[in-house]
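Asks: Going down the list, the sequences are from chains A and B. This note's numbering puts the first residue of the first sequence at 1, with every later residue one more than the last. This note's numbering puts the first residue of the second sequence at 1, with every later residue one more than the last.
Derived from the structure by calculation, the hints contain no laboratory data. All clues stand as given, with none of them false.
Label-pair restraints from in silico Cβ distances:
id, chain 1, residue 1, chain 2, residue 2, range
1, B, Pro118, A, Glu91, 44 to 52 Å
2, B, Glu68, A, Glu39, 44 to 52 Å
3, A, Gly20, B, Pro118, 38 to 46 Å
4, B, Val64, A, Val98, 17 to 25 Å
For lysine to aspartate or glutamate, the following EDC-like pairs were computed, each having C-alpha atoms within a straight-line distance of at most 16 Å:
id, chain 1, residue 1, chain 2, residue 2
5, B, Lys107, A, Glu106
6, A, Lys154, B, Glu71
7, B, Lys44, B, Asp65
8, B, Lys107, A, Glu108
9, B, Lys90, B, Glu52
10, B, Lys44, B, Glu61
11, A, Lys154, A, Asp94
12, A, Lys89, A, Asp137
13, A, Lys149, B, Asp65
14, B, Lys44, B, Glu100
15, B, Lys107, B, Asp48
16, A, Lys159, B, Glu71
17, B, Lys46, B, Glu61
18, A, Lys149, A, Glu87
19, A, Lys154, A, Glu71
20, A, Lys85, A, Glu102
21, A, Lys89, A, Glu102
22, A, Lys159, B, Glu68
Stretch-level coverage of chain A by chain B, calculated; a stretch enters the list once three of its residues show a Cβ under 8 Å from a Cβ in chain B:
id, stretch
23, 62-72
24, 110-122
In this text the structure is predicted, and so the values were computed from the model without any measurement. All residues carry an ideal CB built from backbone N, CA and C; glycine is no exception.
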Amino acid sequence: MRLEDLKQGFTSLWDSVSEGWQRLRQSAAGALIRFMPGEGSNLPAKAEVDDDFYLPSHGWALLGGDVFEDERRLVVRVEVPGMKKDEIKIEVLDDALVVSGEKRFERESSEGRYRVLQCAYGSFRRVIPLPARVLPDQANARYADGVLKIELPKAFPGKPQGHTIQVS
Amino acid sequence: MSEAGNVTKQVDAAREQAAMMPPVDVVEDPTGITLFADLPGVPKDKLDLHVEGDSLTIEGEVSVDMPEGMEASYVEVSLPRYRRVFTLSKELDPSKVTAELAQGVLKLRIPKAAHAQPRRIEIRAG
Numbered sequence: 001m002r003l004e005d006l007k008q009g010f011t012s013l014w015d016s017v018s019e020g021w022q023r024l025r026q027s028a029a030g031a032l033i034r035f036m037p038g039e040g041s042n043l044p045a046k047a048e049v050d051d052d053f054y055l056p057s058h059g060w061a062l063l064g065g066d067v068f069e070d071e072r073r074l075v076v077r078v079e080v081p082g083m084k085k086d087e088i089k090i091e092v093l094d095d096a097l098v099v100s101g102e103k104r105f106e107r108e109s110s111e112g113r114y115r116v117l118q119c120a121y122g123s124f125r126r127v128i129p130l131p132a133r134v135l136p137d138q139a140n141a142r143y144a145d146g147v148l149k150i151e152l153p154k155a156f157p158g159k160p161q162g163h164t165i166q167v168s
Numbered sequence: 001m002s003e004a005g006n007v008t009k010q011v012d013a014a015r016e017q018a019a020m021m022p023p024v025d026v027v028e029d030p031t032g033i034t035l036f037a038d039l040p041g042v043p044k045d046k047l048d049l050h051v052e053g054d055s056l057t058i059e060g061e062v063s064v065d066m067p068e069g070m071e072a073s074y075v076e077v078s079l080p081r082y083r084r085v086f087t088l089s090k091e092l093d094p095s096k097v098t099a100e101l102a103q104g105v106l107k108l109r110i111p112k113a114a115h116a117q118p119r120r121i122e123i124r125a126g
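So that you can see chain A by itself, here it is in the shape it has in the complex (with noise of 0.2 Å):
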């Protein structure tokens, strides 16, 4: 197959104008994460790979992150792909959760040529704000599919708090 085929394909992961917006409101929101690969992290140099877009330094992922709340607890969902559930950290801040780790890269064959290569790879950090109090100890995680399900009983049970903002 023809290099010229694959660059002409791969330049752009936003082909649609509604999934240019998706990924605009993903990133402000806080989903675009840097990964840092670390020394021993084996990925390829960049004469290794045949895209232009590719840098061993650092790549970016978006890793979506959702809240939901009931009068009990929050449920956290963030999207984590490839990861052993054992690499995956979290802790809970007082206001805030934070997940991180490192995804790693794994080469198919001594052989191969990469041609694309798009994924992140590297030591990850997420932080999560959440709205409520939570009780860290009665905390519960699930990794599936990869996605982390986080469930955390409030410390305040009660309706989702709203604050109203005087304009003045």
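Chain B: place on chain A using the hints.
Replies: Chain B only, in chain A's frame:
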């Protein structure tokens, strides 16, 4: 293999059902192509792979299963569908595609057709 880039096709697709394009890694070796795609939230039964002629479509629907009665306080993921279409070059044999889906990462292996694989020619001593 290349990406299907026809503009009218895409406008129609966007109108039918908006979808996100997942990021992919494509590795080529002498015997075929390996493709990885990030499809977080797509379970096996919501993943659709189909080949039509020389076109390979990867489509997946994200299942966000939240218990009843939960209010969305902060939502970033609101386009719960992934789609990406590829044009496979003639060297590839789409009938032999194999796929694995683990923790939201799809791994596809598309071997090159037998005639396109590197062959060692035996040289017989005369």
